[in-house]
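K.L.:
Each chain, written out:
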Amino acid sequence: MKTIIKLLILFIAIQGSAQTEIPLENYYSPENDDKESSAYYYKDVNGVLNKFLGTWRYQSNTELFEITFTKIIKKKTGMGYYKDELTCRYKYIKNGQVIYNTYTMNSTPNSNPDYFIFGKRIRKEDLNTIKLTYNEPGVRGAYTDVLVLKHFYRTRDKIESLDWKTSRILRIDPNNPGQFISEFKIPGKMILTKVE
Amino acid sequence: MKKTWKQNVRYLLCVFIIGGMITGCTEDNDHDPIPESGLKSYSYHHYDQLNKSKRLEEQVTKVTSQNMDAHKSGTSDTYIIDTKTVQILEAEEYTNYTFRAIRFPIDLKMDHNYVLTLYHNGDFHQMYIDYPILEDGNYDISNATAMPIDGDALVQKSGCGSSGYPVTNWNEVCIDHNCGSGQHSGESQADSCNAHFKPFTLCFGGWVTTCIGSPGEQGQPANPSSGGGGGIGVTPFLPLGVDKGVDELMAQTALPEVKAMIKYLQTKVKDSRIEDGRMFNIDKNSDGTLQVVAEIDPVEVEQHYTKFPPIDKNTVVKIHMHQKHVYTEDDEIDTKKLSIPLFSTQDIASFVGFFNTKEALLDPNIRGGSDASDISSILVAEPAKFYKDGKPTGTETSGVYALKISDPKRVRELKDRFDTDIKLADLETEYLEKVVKGCGPDDTGCLLLNQLKFLENYDDGKGFGIQVYQAVEVDEEIKSWLPLNY
Numbered sequence: 001m002k003t004i005i006k007l008l009i010l011f012i013a014i015q016g017s018a019q020t021e022i023p024l025e026n027y028y029s030p031e032n033d034d035k036e037s038s039a040y041y042y043k044d045v046n047g048v049l050n051k052f053l054g055t056w057r058y059q060s061n062t063e064l065f066e067i068t069f070t071k072i073i074k075k076k077t078g079m080g081y082y083k084d085e086l087t088c089r090y091k092y093i094k095n096g097q098v099i100y101n102t103y104t105m106n107s108t109p110n111s112n113p114d115y116f117i118f119g120k121r122i123r124k125e126d127l128n129t130i131k132l133t134y135n136e137p138g139v140r141g142a143y144t145d146v147l148v149l150k151h152f153y154r155t156r157d158k159i160e161s162l163d164w165k166t167s168r169i170l171r172i173d174p175n176n177p178g179q180f181i182s183e184f185k186i187p188g189k190m191i192l193t194k195v196e
Numbered sequence: 001m002k003k004t005w006k007q008n009v010r011y012l013l014c015v016f017i018i019g020g021m022i023t024g025c026t027e028d029n030d031h032d033p034i035p036e037s038g039l040k041s042y043s044y045h046h047y048d049q050l051n052k053s054k055r056l057e058e059q060v061t062k063v064t065s066q067n068m069d070a071h072k073s074g075t076s077d078t079y080i081i082d083t084k085t086v087q088i089l090e091a092e093e094y095t096n097y098t099f100r101a102i103r104f105p106i107d108l109k110m111d112h113n114y115v116l117t118l119y120h121n122g123d124f125h126q127m128y129i130d131y132p133i134l135e136d137g138n139y140d141i142s143n144a145t146a147m148p149i150d151g152d153a154l155v156q157k158s159g160c161g162s163s164g165y166p167v168t169n170w171n172e173v174c175i176d177h178n179c180g181s182g183q184h185s186g187e188s189q190a191d192s193c194n195a196h197f198k199p200f201t202l203c204f205g206g207w208v209t210t211c212i213g214s215p216g217e218q219g220q221p222a223n224p225s226s227g228g229g230g231g232i233g234v235t236p237f238l239p240l241g242v243d244k245g246v247d248e249l250m251a252q253t254a255l256p257e258v259k260a261m262i263k264y265l266q267t268k269v270k271d272s273r274i275e276d277g278r279m280f281n282i283d284k285n286s287d288g289t290l291q292v293v294a295e296i297d298p299v300e301v302e303q304h305y306t307k308f309p310p311i312d313k314n315t316v317v318k319i320h321m322h323q324k325h326v327y328t329e330d331d332e333i334d335t336k337k338l339s340i341p342l343f344s345t346q347d348i349a350s351f352v353g354f355f356n357t358k359e360a361l362l363d364p365n366i367r368g369g370s371d372a373s374d375i376s377s378i379l380v381a382e383p384a385k386f387y388k389d390g391k392p393t394g395t396e397t398s399g400v401y402a403l404k405i406s407d408p409k410r411v412r413e414l415k416d417r418f419d420t421d422i423k424l425a426d427l428e429t430e431y432l433e434k435v436v437k438g439c440g441p442d443d444t445g446c447l448l449l450n451q452l453k454f455l456e457n458y459d460d461g462k463g464f465g466i467q468v469y470q471a472v473e474v475d476e477e478i479k480s481w482l483p484l485n486y
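Chains A and B supply the protein sequences, listed in that same order. Mind the numbering: the first sequence is residues 1 to 196 in our numbering, read in order. Mind the numbering: the second sequence is residues 1 to 486 in our numbering, read in order.
In short, the hints are calculated from the structure, not lab data. Keep in mind that this is a model prediction, so the values were computed, not measured. Backbone N, C-alpha and C define an ideal beta-carbon position, used for all residues, glycine too. Check each hint, because a few of them may be wrong.
Okay, the calculated beta carbon distance ranges per label pair [to be verified]:
#1 K479(B) / P23(A): 43 to 51 angstroms
#2 R412(B) / P30(A): 32 to 40 angstroms
#3 N128(A) / A294(B): 48 to 56 angstroms
#4 T108(A) / K415(B): 18 to 26 angstroms
#5 K259(B) / L64(A): 52 to 60 angstroms
#6 K415(B) / K76(A): 50 to 58 angstroms
#7 N128(A) / P166(B): 53 to 61 angstroms
Straight line, CA to CA, 30 angstroms or less: simulated DSS-like cross-link-like pairs of lysine-lysine [what the hints assert, rightly or not]:
#8 K391(B) / K35(A)
#9 K270(B) / K35(A)
#10 K270(B) / K131(A)
#11 K131(A) / K423(B)
#12 K74(A) / K391(B)
#13 K75(A) / K385(B)
Output of the computed footprint for chain A on chain B, the stretches with three or more beta carbons under 8 angstroms from beta carbons of chain A [to be verified]:
#14 83–95
#15 298–309
#16 319–328
#17 450–462
Work out the full structure, taking the sequences as your base and the hints as a guide.
P.N.:
What follows is the structure, encoded as structure tokens:
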């Protein structure tokens with residue numbers, strides 16, 4: 001009898017604290033409009049982030065850009081809900097000079113390499129496109145822009161590729177106040193191919 | 001022990017004096033009904049602090065949960081009831097509980113109330129009332145309409161027609177606010193007369209002749225005709241005079257320097273390529289009036305930020321502009337992107353910082369010295385457009401918004417929440433994810449509503465302790481400020 005009661009209490013406790021898992025790509029569905037408390041977890045149950053994971057490269061005559069995307073599991077948000085999302089580390093070399101290498105960067109209170117490019121804005125209507133928060137080391141913190149990544153297979157050789165596009169807001173050129181420049185150094189538009 | 005005659009006299013005197021005091025208090029608290037109206041008094045209260053009857057609590061819980069569900073399912077013409085504050089109107093035969101309501105799609109020329117009437121005989125009645133807002137900012141009582149609704153569901157009551165019922169203007173009926181004389185005592189009176197709930201006499205409102213509806217329904221009054229007006233007496237829920245934030249904003253934006261800056265930014269908002277703004281240090285004179293003592297320009301402005309120098313202990317108002325367009329690298333051809341006319345995460349986070357920094361600057365030992373909650377952050381942007389079914393409704397906001405502190409305790413709790421770039425980046429990412437949820441690309445009204453949801457629902461519903469207001473402008477003059485709630 002005692003065992004039954006214990007099991008019953010355990011069952012009720014589990015039920016009481018149960019968290020509803022919602023497929024990540026359904027975050028924008030109208031039925032989930034206000035499901036943003038800690039009772040909800042936007043989980044990548046269908047692996048929609050997987051196609052972006054791994055290391056990708058862009059190379060030109062003068063530039064090399066390499067980036068490795070990984071998945072953060074069950075990150076708690078300020079709103080309350082939990083989510084899976086992408087993060088990454090990258091290096092950018094131009095004319096033989098290392099401009100950035102966040103693979104080797106350590107986290108400081110005001111800078112963490114995992115927070116330069118991250119996010120989860122993916123919709124079930126287009127599972128090949130994801131929008132991420134975008135920033136680069138040394139750029140005014142939190143004045144971020146948006147990176148749009150589109151996954152596709154190159155027509156000629158079927159190699160897995162990413163169409164990389166940032167929508168970058170310009171700022172006043174400190175050397176020429178009448179002009180606007182981008183404070184980011186990494187190219188705004190690239191096609192990256194899968195390395196591993 | 002026998003009492004002496006002196007003791008008896010003293011005793012009787014005490015009884016008379018105390019009795020007289022009680023009688024006096026009773027007269028004060030229990031107002032005589034206004035002749036021929038049946039109305040006695042009205043007051044505003046924080047709903048969560050109210051001593052609620054079981055019926056009131058049940059019915060309000062019922063309606064607030066149901067209308068939220070209706071809104072989620074995308075039902076058109078949905079009402080959201082704001083239960084933060086309630087207006088209580090006492091009449092001889094009933095008590096009205098009136099809440100401000102927001103109706104979707106939003107029409108800024110119309111204000112909405114949800115009125116729950118609890119009759120002393122146990123019956124009850126519910127209705128929505130739509131009050132048109134006149135050009136001068138006043139309510140057009142004569143053209144208001146009342147829509148009776150079902151007891152358990154927030155749907156129109158059957159058998160009562162589809163176009164609602166007119167509201168008949170009171171004409172020369174005035175009701176005193178409960179604490180109008182300022183002479184009442186007792187905890188309940190003191191509570192209703194705090195700074196948020198200033199006393200005043202109300203001289204406008206109307207009568208609603210209610211509908212009985214289809215036969216056999218429960219809980220509806222058989223034939224309400226309380227008072228001389230021939231129906232339920234109602235008066236609009238007023239944000240002005242009952243909302244500390246509205247009063248402060250009205251006083252601050254009436255200052256010539258502040259007013260001029262808002263006007264200047266409104267002329268710049270369409271064509272400017274960068275933000276702009278100004279910070280105001282304001283002193284309060286001994287008579288309570290305000291005076292600008294310093295105007296401070298930003299130290300840096302960019303396409304998407306305005307940086308002000310550190311605040312002073314008398315910094316009260318910050319104004320900045322979000323210009324209509326921002327230019328991106330894609331502008332090589334001809335594109336310029338529409339700027340989102342909302343407070344940014346930096347604006348929200350810096351307002352939290354503004355309050356906490358100012359509070360630290362003030363001397364808590366000086367009376368009123370630790371009160372930093374009068375600060376305002378005003379945003380001038382393009383008017384937000386509202387859409388319905390993918391089409392513009394023609395409804396626009398004024399484009400002038402303000403942030404005010406609604407819960408200082410909560411803002412103090414958030415003091416260290418956004419103090420690093422990483423935390424800000426997280427906040428920004430979440431905000432951007434939330435704000436675009438379910439919105440079309442040009443539906444800035446939808447973005448505005450999501451902003452409100454974000455501010456109110458943040459941190460498992462604890463919110464930011466910040467209230468958004470929108471300026472109501474008539475002939476390019478700010479006539480009032482409306483608290484915006486989701």
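K.L.:
Hint by hint, note whether the structure agrees.
P.N.:
Here's how the hints hold up against the structure:
| no. | hint | in the structure |
| --- | --- | --- |
| 1 | K479(B) / P23(A): 43 to 51 angstroms | 48 angstroms, holds |
| 2 | R412(B) / P30(A): 32 to 40 angstroms | 36 angstroms, holds |
| 3 | N128(A) / A294(B): 48 to 56 angstroms | 54 angstroms, holds |
| 4 | T108(A) / K415(B): 18 to 26 angstroms | 21 angstroms, holds |
| 5 | K259(B) / L64(A): 52 to 60 angstroms | 56 angstroms, holds |
| 6 | K415(B) / K76(A): 50 to 58 angstroms | 19 angstroms, violated |
| 7 | N128(A) / P166(B): 53 to 61 angstroms | 57 angstroms, holds |
| 8 | K391(B) / K35(A) | 26 angstroms, holds |
| 9 | K270(B) / K35(A) | 36 angstroms, violated |
| 10 | K270(B) / K131(A) | 28 angstroms, holds |
| 11 | K131(A) / K423(B) | 19 angstroms, holds |
| 12 | K74(A) / K391(B) | 38 angstroms, violated |
| 13 | K75(A) / K385(B) | 34 angstroms, violated |
| 14 | 83–95 | violated (count 0) |
| 15 | 298–309 | holds (count 4) |
| 16 | 319–328 | holds (count 3) |
| 17 | 450–462 | holds (count 7) |
Violated hints, in rising order: 6, 9, 12, 13, 14; the structure is consistent with all others.
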